[in-house]
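*Asks:* Sequence:
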Amino acid sequence: TDGKRSRTSYTRYQTLELEKEFHFNRYLTRR
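Under the numbering used here, the first residue of the sequence shown is numbered 536, with each subsequent residue one higher.
Keep in mind the hints are simulated off the structure, nothing from the lab.
It should be emphasised that the depicted structure is a prediction, and the values quoted were computed from it without experimental measurement.
A few of these clues could be false.
[As the list claims (entries may be wrong)] Simulated DEER-style distance windows between Cβ atoms: (1) 539 x 566: 37 to 43 Å; (2) 540 x 566: 35 to 41 Å; (3) 544 x 565: 27 to 33 Å.
Even for Gly, the Cβ is constructed at its ideal location relative to N, Cα and C.
Using the sequences plus the hints, can you model the full thing?
*Replies:* Structure below.
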């Protein structure tokens, strides 16, 4: 279960990074 927990946190972090990149790209295209 310990590994599973870290895996979930990693996925959450990855999703956050993806969202940030998505917003950044949107900002660039808007410009």
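*Asks:* Hint says 37 to 43 Å; check whether the CB-CB distance for residue 539 and residue 566 agrees.
*Replies:* holds, 41 Å
*Asks:* Using the beta carbons of residue 544 and residue 565, state whether their distance is inside 27 to 33 Å or not.
*Replies:* At roughly 32 Å between Cβ atoms, residue 565 and residue 544 fall inside 27 to 33 Å, so the hint holds.
*Asks:* I want to verify a distance hint. Is the separation of the beta carbons of residue 540 and residue 566 within 35 to 41 Å?
*Replies:* holds, 40 Å
Consistency note: the structure conflicts with none of the earlier hints.
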